[in-house]
Amino acid sequence: MATGLLAVWWVVASEIVIFGGLLTSYIMYRLSHDAWAGQAANTNTAIGAFNTFVLLTSSLFAVLAHQAAEKGDGKKAARLLYYTIGGAAMFICVKSFEWNMEISHGYTITSNTFWSFYYTAAGIHALHVIAGAIIMAIVAKDAAKNLELHRVELIGIYWHFVDIVWIFLFPLLYIAK
Amino acid sequence: MAESITTEAPAGEEEHHGHGQPSFWSKYVFSTDHKMIAMQYMFTGIAMAMIGGFMAYAFRMQLAFPGIDVPGFGIVTPANYNALVTNHGAIMIFWVAMPVLIAAFGNFLIPLMCGCDDMVFPKVNRLSYQIFLLSSVVLLSSFFVEGGGFGGAWTAYPPLSAKAEYSLTPLGSTIWLVAVALEFVAFLLGGINFITTAMNSRAPGMKLYDIPIVVWMIVIASILFLVSVGPLIAGAIMLLFDQNLGTAFFDPARGGDPILWQHLFWFFGHPEVYVVLLPALGITAEIITVFSRKKLFGYRTVLHTTIATGVLSFTVWAHHQFIAGVDPRMAHVFTLTTLLISVPIAEMMFCYIATLYGGAIKLTTPMLWGLSFIAEFLIGGVTGIFLGASGADVYFHDTYFVLAHFHYTFYPIAIIGTFAGLTFWFPKMFGRMMNERLGKIHFWGSIIPFNFIFIPLFVLGMGGQHRRIYDYSNFPELALPWMQDVRVLATSALLVMLSFQLVFIYNFIVSLRSGPKAEKNPWKSNTLEWTTDSPPPHGNWKELPTVYRGPYEYSLPDREDDYWPQDQPS
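Quick mapping for you: the protein sequence lines, in order, are chains W and E.
If you read the first sequence in my numbering, its first letter stands for residue 10, the second for the next number, and so on.
If you read the second sequence in my numbering, its first letter stands for residue 7, the second for the next number, and so on.
Chain W on its own, in the form it takes in the complex:
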């Protein structure tokens, strides 16, 4: 396997255990606290579903960018990566709106342990979204000049990982009420 690819997969492996530890803790608590279902009822499933859609669409752009990079079309790959970054920006905006609303309704990180997990898990995930978008901007800048095109695939793998974490968070925090 190419060196860069290998390294990215190891990064993903180390990230999986971070989120794995956090989500396993959450699930263990959730199973022993039936009352959390009532708290989870206050999360907004519609907004969560919309954000899921936004992230999945951004992942599609990342795949198309990889395809363009494979063909050697750096300009197109860069443009598609910028769309992906747009998706990330949209996700963060929606998230801020959502949190703003929840905090104004009195649900803060200290309200109870469900909300602590809610803000901690989604917050760490949001940091990954921001970090991924920044790295993607750097990759896109080079790709537009047809430089380092193999990196488009690497950031794509990372982006799918960030996406999949959300796929776990969404049902755990929003759907299971």
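One or more of the hints may lead you astray.
[Stated by the list, open to error] Result set (DSBU-like, lysine-lysine): computed pairs, CA atoms no more than 30 Å apart in a straight line: (1) E/Lys129 with E/Lys33; (2) E/Lys368 with E/Lys129; (3) E/Lys523 with E/Lys548; (4) E/Lys446 with E/Lys548; (5) W/Lys154 with W/Lys80; (6) W/Lys150 with E/Lys129; (7) E/Lys530 with W/Lys154; (8) E/Lys41 with E/Lys530; (9) W/Lys84 with E/Lys526.
Worth flagging that the hints you see were computed from the coordinates, not collected in a lab.
Starting from the known structure of chain W, arrange chain E on it as the hints suggest.
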């Protein structure tokens, strides 16, 4: 003689990449050369070891002579005492054992033993060290803030660690946690580099079973670290929020559970033991094969048992929690897995002893360290069986028996392993030989007092002496005259051991400046690092080597030389 065997590696010049004399900063501080980064890790680790050793000196003096004005430290207050024991533990594991054994030896040995010019990501490697250095500074700074350094023990169990009103170190505990988190980031970056380099950059011809055991062990240790540290990072974030934002992840009064932290901590903490053990075992394997002139007994057995140990190490963590409310049925399961893990380790020990059997043993300083590793680690391993069995552990838990047990594992790992590796590779690292006589004086001056520190502590532990007590004179049943005498004995032995370290420092500095010049291969070893100059030039070889055989072909009956370097065509 060394030249005759190194046909592949012509004598290199200092700077063969064409650029002129590098400045001080680019050569020593911002270097991306794996050898320089290894030295940075090594010297930072040794500096932290001195700080950690000084802490041990201060609190051992307090235990032997309660209330004494400790020379060089002053009066040890209860808060000082807590901060000292906490940070002694954290420093010795995270800032000494890991940087020296994994990062320093890993950085130095992996490219040289795999036959490549540098790590695959040199800049990531440099970043890894810089973050590590930052973490050391952050940790030490915690001693100078209001309330002093964190005093909730290196395991940082909540609620003690989560609430400032319990630990009395509002800033110290947060700074400590941030420092540990930074240190983890540094080792994640370093570990990814080690794994990818060993997987992708080996010399042509080096198949999986031609890789020297020490490289395998460092790579397996890095993988173990990478896949075990995640839950603790998640836990550290939760603890940080509990400390500073008022969440209640670990507060039972508000719906949290302090036991969760223990699970997250030890899920990492137990594999961590193997993370630092494996490199030390690997260093020992290299040394005993070279100085007994024999092939490593059961290369594949050693390798496969290492992997088995790694896998099993993820299933034993709750043996640290037998008295923390773990269901007794679960305790049986963890007793079983814990006793099971001693099987592969014992197998490895037998392989090492079998390697020595019938060998032409040469008792050089590195060999003495290597042999003492096996002897002392055995004591640590065997006493661990008592603690792994839940029935006995209920009585031994949190006594000095536990403390003596894990010092009998960590001292061989962190101290013996480091000195073994340092004395063995010193000629390659610095191009000069160390003084053997001083080396042996230092060896005996460290090993004998070590046993005089910790065997008495086993006795105290069996007498019921509890850990983490500031002053035993408040406990009549633990303040018996014989017990105090044993404490004084242990502390005196510590003073002797610490003073003998001056011999090493003297030997190190004098050998560095005026030791006899080392040839390419002073120990007549097979592995690739001995085929280049001592010290290796920038880029390691002028022409990268090709590998033709495994690393342990010693004393073959049909060959004139008793060794057969990996890069020599047959």
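Status of each hint after checking the structure:
1. E/Lys129 with E/Lys33: Judged against 30 Å, a Cα distance of about 14 Å means the pair holds.
2. E/Lys368 with E/Lys129: violated, 41 Å
3. E/Lys523 with E/Lys548: Since the Cα atoms of E/Lys523 and E/Lys548 sit roughly 21 Å apart, the hinted pair holds (cutoff 30 Å).
4. E/Lys446 with E/Lys548: The hint is violated at about 36 Å.
5. W/Lys154 with W/Lys80: Since the Cα atoms of W/Lys154 and W/Lys80 sit roughly 14 Å apart, the hinted pair holds (cutoff 30 Å).
6. W/Lys150 with E/Lys129: Given that 30 Å is the threshold and the Cα spacing comes to 20 Å, the pair holds.
7. E/Lys530 with W/Lys154: violated, 52 Å
8. E/Lys41 with E/Lys530: Satisfied, since the Cα-Cα distance of roughly 22 Å is no more than 30 Å.
9. W/Lys84 with E/Lys526: Not OK: W/Lys84 and E/Lys526 at ~52 Å, beyond 30 Å, violated.
Hints 2, 4, 7, 9, counting from the list given before, are not met by this structure.
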